[in-house]
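4 protein chains.
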Amino acid sequence: MKYGNNKYEDIKIAYIGGGSRGWAWGFMSDLAVCEDMCGTVYLYDIDLEAAKKNEKIGNGIKDIEGCKSQWKYKAVETEKEALEGADFVIISILPGTFDEMESDVHTPEKYNIYQSVGDTAGPGGILRALRTIPMFEEIAENIKKCCPDAWVINYTNPMTMCVKTLYKVFPEIKAFGCCHEVFGTQKLLVNALEDIKGIKDVKREDIKVNVVGVNHFTWLTKAQYKDIDIFPVYREFAEKYKDNGFVKKSDENWMNKYFSCSEKVKIDLFLRYGSIAAAGDRHLAEFCPGDWYLKDKETVEKWGFALTPVSWRKGDLEKRLERSEKLYSGEEKFELKETGEEGVQQIRALLGLGDLVTNVNIPNYGQIPNLPIGAVVETNACFRANSLNPVFAGNIPQAIYPLISRVCGEQEQVVDCALNRDLDGVFNAFAADPNMCISVSDARKLFDEMVDNTKEYLKMYF
Amino acid sequence: MKYGNNKYEDIKIAYIGGGSRGWAWGFMSDLAVCEDMCGTVYLYDIDLEAAKKNEKIGNGIKDIEGCKSQWKYKAVETEKEALEGADFVIISILPGTFDEMESDVHTPEKYNIYQSVGDTAGPGGILRALRTIPMFEEIAENIKKCCPDAWVINYTNPMTMCVKTLYKVFPEIKAFGCCHEVFGTQKLLVNALEDIKGIKDVKREDIKVNVVGVNHFTWLTKAQYKDIDIFPVYREFAEKYKDNGFVKKSDENWMNKYFSCSEKVKIDLFLRYGSIAAAGDRHLAEFCPGDWYLKDKETVEKWGFALTPVSWRKGDLEKRLERSEKLYSGEEKFELKETGEEGVQQIRALLGLGDLVTNVNIPNYGQIPNLPIGAVVETNACFRANSLNPVFAGNIPQAIYPLISRVCGEQEQVVDCALNRDLDGVFNAFAADPNMCISVSDARKLFDEMVDNTKEYLKMYF
Amino acid sequence: MKYGNNKYEDIKIAYIGGGSRGWAWGFMSDLAVCEDMCGTVYLYDIDLEAAKKNEKIGNGIKDIEGCKSQWKYKAVETEKEALEGADFVIISILPGTFDEMESDVHTPEKYNIYQSVGDTAGPGGILRALRTIPMFEEIAENIKKCCPDAWVINYTNPMTMCVKTLYKVFPEIKAFGCCHEVFGTQKLLVNALEDIKGIKDVKREDIKVNVVGVNHFTWLTKAQYKDIDIFPVYREFAEKYKDNGFVKKSDENWMNKYFSCSEKVKIDLFLRYGSIAAAGDRHLAEFCPGDWYLKDKETVEKWGFALTPVSWRKGDLEKRLERSEKLYSGEEKFELKETGEEGVQQIRALLGLGDLVTNVNIPNYGQIPNLPIGAVVETNACFRANSLNPVFAGNIPQAIYPLISRVCGEQEQVVDCALNRDLDGVFNAFAADPNMCISVSDARKLFDEMVDNTKEYLKMYF
Amino acid sequence: MKYGNNKYEDIKIAYIGGGSRGWAWGFMSDLAVCEDMCGTVYLYDIDLEAAKKNEKIGNGIKDIEGCKSQWKYKAVETEKEALEGADFVIISILPGTFDEMESDVHTPEKYNIYQSVGDTAGPGGILRALRTIPMFEEIAENIKKCCPDAWVINYTNPMTMCVKTLYKVFPEIKAFGCCHEVFGTQKLLVNALEDIKGIKDVKREDIKVNVVGVNHFTWLTKAQYKDIDIFPVYREFAEKYKDNGFVKKSDENWMNKYFSCSEKVKIDLFLRYGSIAAAGDRHLAEFCPGDWYLKDKETVEKWGFALTPVSWRKGDLEKRLERSEKLYSGEEKFELKETGEEGVQQIRALLGLGDLVTNVNIPNYGQIPNLPIGAVVETNACFRANSLNPVFAGNIPQAIYPLISRVCGEQEQVVDCALNRDLDGVFNAFAADPNMCISVSDARKLFDEMVDNTKEYLKMYF
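Protein chains in written order, with this note's numbering: chain A, 133 to 594; chain B, 133 to 594; chain C, 133 to 594; chain D, 133 to 594.
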């Protein structure tokens, strides 16, 4: 790449998982409306056809009205081709298929273990990690060989374990993981400001928060809007909506019954623990003891959120495939709109085009002193020209330390054991997961079944 | 006190809980057979009569054959009288009566929560802490006033929370907590050496161990006898006895069905986690997820240990009271025998009469880098003349970090909230305890009932 | 204060040292051109007349063309009056007079100890600290009473010791220290980019740096402009100018012989140590062993910088007093121009009007892991709405650790001893200062003389 | 080796530097009087003849009256032969000859830099390190290959840098460095107890001390004998002897003018800094600023200690060579007497034959929280069966932190640069050494000359 005339040219981005129908399009859109950089995005996907379709879709964007920068897209046949000499690497893959995810999410139901998402924590998250970690191992090794100086942005779940794998395999990697769950909570705080204080038109980014925790089990220890400490405001809001939940009108239109969320889990955790739980309720619930919010379907309903069945994801994929065809054929026009994701802003900041402070997932260098050094945590970090430094976040508050330290440690354990191909070690983490309100012997049966269900992706362990 | 002719004289010991029928007698016996020190033990107890009886019993010891040093015993009416100018303070109290303990242990059974001991962890341990912490607050304040330079040895449970309270209230206190559970595991390793290797007559103290964890959930990361690494020996032993358990002949005589233990929990934890769990199975079980070893009475039986009903303790107390009367009246002769406790050896070491390295409960200065600084932990420490320094123990091994960090944090939380008289904060710890496999609303009902049952001792919270 | 319509009103700023002729005017100017806030600045100074003059000067600004916000200025008679309810506190005082500074700087010359500035490090810095620390003690106590929630910006030297005093006296204080020396080095890097690479019109703020060290002995471990790593550029620059120094044309006009600097010290330190020394050469020299750059006047000349005699400062003060009169009388027009200082931008960021990442002096929370926790260090920090968090800076590089750790520790020692009124303790730091290439007995004589010279301000130590 | 009947047999010890005339004989003597272990000592020395002589001398010991255990001695031709399968490794070598040491010690005198020992700190220590580090590199690599599980005891100076090299090259090494300087200070405290308090016959080991610092610049933060805090006693002693020094009668006989020491440096440091400097004055002086105790010969004399000329060492070596011949030929009888060194006791403790707590040089795991993790420091450690764990020592007291942190960092720097063959990096440490009260350019000339003088041993750097 090169910089001149207030603009970067010839940036090379490798997109691993570049056949994606969804994330990739959003990223293309965000790139297109960003004036001060352009270059080429290399799309790599195990589904080469999908990548090729995205190549064509991407290359069509430059002709759309409102497009401000000319990016080229190129599908490539090998990961290394994509990575070679890359300035940035995006990783957004689905480890396995929705069939595997179906096992992850629904097999545990035999033991009355319900999971609202099943991609991060709990038995589903661990099995997904088993598939994902070897893939990230390979990616990390390839990055080491092909583009050791590239900045690497991961969007894949289980986030914490993916990022940890990258750093274990290639400690000098410049990687971080991005997730928009905290943004959702900032938006809820915007709602609270309007609902309680009558303050309108506050922007999400103007809610300044201090973030601690691990991905999808993030907590805010401070939230401020201009001169207003939001904690007392949110307390009032929480008391108001703790019984019936808070559902925004606009959300209802978009949402469906499988993603519904009335913020009651979030509110309950806040009222009990004093810090603001800052992820979707479906995620938060999966990090808490299994008897709290996910005991059974009635409990889930009572807490006003939903279990997302993988069947829905399969159906949704169909729709996205159809849309892909239409975009590919030109039947549907690609529309430019900002996604609200920060990936492109982070890239700009790393290129020195404006500082950015936001939350990311990176190893703990001491930004959270009472979690183990090296564990991947989510806190604010400071993006500047070719640098990403964590912002000191402070200790996990004592009240929530027991909840967070155990899952932080569990995820560390899974990564290490998976890298050592030690399934028994992984099982130890699995058995002690907060969701696992069953005996060790039942846990073992469940684990073995889940491994067997997804064994096609787990050959390296045997 | 003063030192001369290789001997200390006029040592002043304050014994808080000095009416004890059991611990106190053992301590008296250990003092009597120690040649190089003598002085006065001031016995304070809320049951003054009991202290007076022990005064007489203690003062009779000097005439027993085998007594090597002349200690005086004196019952006093106030705690301050006992503490004033003390060189050493022993704290060994029962917080409340066995009626309160009955509530601690058995009330949770309504929710199918079984506790094998109920004095350290779990709902019972937390309620006991609620009673104990204000008592230790007062003791710490009195020590600060009356004998700030004294060494303070605590034997009371819940150990971790008692010691933490002392340090929170009087940070300069020279206090530590002692517990013999690790010794029991060292003895088991002696058995393993004999059973597997045919090595006989090994002394417990010659098993050198590295200890990490919190009291009653202690783990050995290293165990060595002379040139033998005991880990592979213990592994063989564990494999041999994992199904049917290991019960020593001599133990059977002593034990009764309420204290039985076949080491199967300990063995299971070792085989799964790779470090040696080092406390009695009844204690270990209470720190693990409730569904593992304490799910129901059948599970307990299957794992070869027992629930100790408080009714048994009440009966046992009767017997000890009877024995107290007999010792007091002279009907029974006081017998001198070493208890195997290390209290007197620790005192000697602190007086400069010989270095001692053994495990104790003190704040974390960094001896366990991956637990929070300041949290009370159990590791080896080095006792020398007027100094007690922790020995670097290393990180909690990753595999057991999730199990230990959560209970370590929970206990920190209980102490802080109890000192702030914040019952809601205590409840948060209570609800997240590993034993609590119930919903938050049920947890609240149980908590309220347990508080109500013991409210006579909890007035300061209202 | 209150926020509305994208603007803050009624902000209350306390300016301690508000009679200043120089800093205060610059600050007034920066406030005036900032659109989104206004309020009142309370000027407190031991020289009330000076404050009153600044009141009039300040209140005249609103009528100047280009003034964008209406600030009121009000001189007050007591520090507490200024502080009461303040939102922000500026501290910019001269501890003592230039007579005391004359002793600080020139008395050591009797022992061939030359100081180029004498306000931060070395014997002069320590004596100045002796006067300043009790003043800051009082300020901190008043802030605790009058405006505990205010943000406090210190500009006074010795910076590190001033900020440390504030935190020692009132640990919850929200204080930080600002210094523009790093900016000067960023400008030098701008020059290097132009000189070596031909890149023009780079802005100082676009040089992104990672800062470690203590104030006036700050070092850059990373410097980046867009996609350019500046280290190799600066190395080329350093090799080019190491013999004859680098003097910018524009600087020559402004500078006089007492402030001259040819960057040779900075270049020498870089070439030897590999990190970029990032303060003026006159400051850097004072933190290095006395025989390096300040051995005698010839050595100073050889290294291309100057000793600033206090007589010059006295003359300069005369000129500033004259200018003050002219501004006061209206003979001279107050001119609005940006100072390049960041104080007003920091205030804006703390009000939530835009994030800012810049270098400041605050306690070490772990942002520099190999310096003691709690020591005041200079690193980047992140300013956001009502929050200031250090950015992780990493270890002091091994090569410069010996140079920095000793002065960091020395300053900690001076503050503690000064707060305890322990002059012997301060002397220990004094004797071991890098500049002190003399025997301990000579050091004592010098110390006593310097104390005696300034005893009017040191009564609290006797 | 094997253990049985309360005794170890077939222990294999590798002695690197086994041709030594002095240390080796003492070690043989200590081994001979230790009942519970025996085996073979493999003597390796670059001077094979010397090793062979020691083989014969050693093998003659078993016939001496008072010899309690039968050790065999065997000179070997290669280091690897000695190390292969060793249980313990002793390293006690002279890096280079006294000709090189002559350059180390006396060349700096051209610049008025005087060194009392010149083997640890200062320019001499650094040049010695340059020769030694590559030798230790090789030793560490051989240990890794031949006996990775052996315990390694180093006696060679510069101690800190030798031990650090072992750990840098082979991080899993079980190595520590031993030095008797702290023992000497304990003996001085014994003298103080007798002199001030009239307490007689106190044993060195009964003075319990807390040690912090780096080798030869160790400090005691606590010293206790039974119930007596020695600090006030030592203060009285220090005041009594600060002017004329303290010289023990018995010492005078032994000592000569080149080793004289009147403890005045030690006393001065104590009175100024409040912690007890705990090494010989000749060593302590070399870690302090050069103008304090080593400014010139008059200053040295005034402080009551001596510079040890290398010519004396050469003469002494002659005598030891003569004695070697006599022992070899049988003309002189080998005499068994305890050396007061602890090496053999440490070996016993590591074999599980009795716990030992004493001071050693090992990496900082956090035993001194305010020095960098990983730096080699001297503190107490706990020796037990196959384990050596540091005892928590606490922070370097603030008053001496500036003195210690800089030399600690300097030594880290020298090791790293020497391992990287980076002489310029070593020079940076050299130039900033406390003894170097000269300009950087003079320092460079001196460095180059010293390197040139000893270049035969420094070929790997060119």
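Simulated from the structure, these hints should not be mistaken for laboratory data. Treat each hint with caution, since some may be false.
Since the list gives no way to pick one copy over another, a pair counts as held whenever it fits inside one copy or between any two copies.
List of simulated lysine-lysine pairs, DSS-like, C-alpha gap at most 27 Å [claimed, not checked]:
1. K358 - K277
2. K446 - K204
3. K144 - K332
4. K469 - K329
5. K358 - K134
6. K427 - K242
7. K200 - K134
8. K144 - K200
9. K577 - K429
10. K277 - K204
11. K358 - K319
12. K276 - K329
13. K200 - K335
14. K134 - K577
Given the structure is predicted, the values throughout are model-derived calculations rather than measurements.
Hints, verified against the model:
Taking the closest pair of Cα atoms, K358 and K277 come within 27 Å of each other only across two copies (25 Å); inside a single copy the shortest separation is 46 Å, beyond that limit. For the identical chains of this complex, K446 and K204 are neighbours neither inside a copy (31 Å) nor across copies (65 Å), given an alpha-carbon limit of 27 Å. Only between protomers do K144 and K332 lie at most 27 Å apart by alpha-carbon distance; the minimum there is 26 Å, versus 41 Å within a single protomer. With identical chains, the CA atoms of K469 and K329 are never at most 27 Å apart, being 30 Å at best within one copy and 39 Å at best between copies.
Taking CA atoms no more than 27 Å apart as the test, K358 paired with K134 passes between copies only; the shortest distance there is 9 Å, against 38 Å inside one copy. Taking the closest pair of Cα atoms, K427 and K242 come within 27 Å of each other both inside a single copy (13 Å) and across two copies (19 Å). When the C-alpha separation of K200 and K134 is checked against a cutoff of 27 Å, the pair qualifies only within one copy, where the shortest distance is 18 Å, while the shortest distance between copies is 39 Å. Proximity of K144 and K200 under a CA criterion of 27 Å is satisfied intra-copy only: 18 Å inside one chain copy versus 44 Å between copies.
Taking CA atoms no more than 27 Å apart as the test, K577 paired with K429 passes in both settings, with 23 Å inside one copy and 22 Å between copies. Proximity of K277 and K204 under a CA criterion of 27 Å is satisfied intra-copy only: 24 Å inside one chain copy versus 54 Å between copies. Taking identical chains as interchangeable, the C-alpha atoms of K358 and K319 lie at most 27 Å apart only when both belong to the same chain, with a minimum of 15 Å there against 32 Å between chains. In this homomeric assembly, K276 and K329 never come within 27 Å of each other (Cα to Cα): the closest approach is 51 Å inside a single copy and 30 Å across copies.
For the homomeric pair K200 and K335, the shortest alpha-carbon distances inside one copy (24 Å) and between copies (25 Å) are both at most 27 Å. In this assembly of identical chains, the alpha carbons of K134 and K577 never lie at most 27 Å apart, being 56 Å within a copy and 45 Å across copies at closest.
Checked against the numbered hints above, the structure breaks hints 2, 4, 12 and 14 and satisfies the rest.
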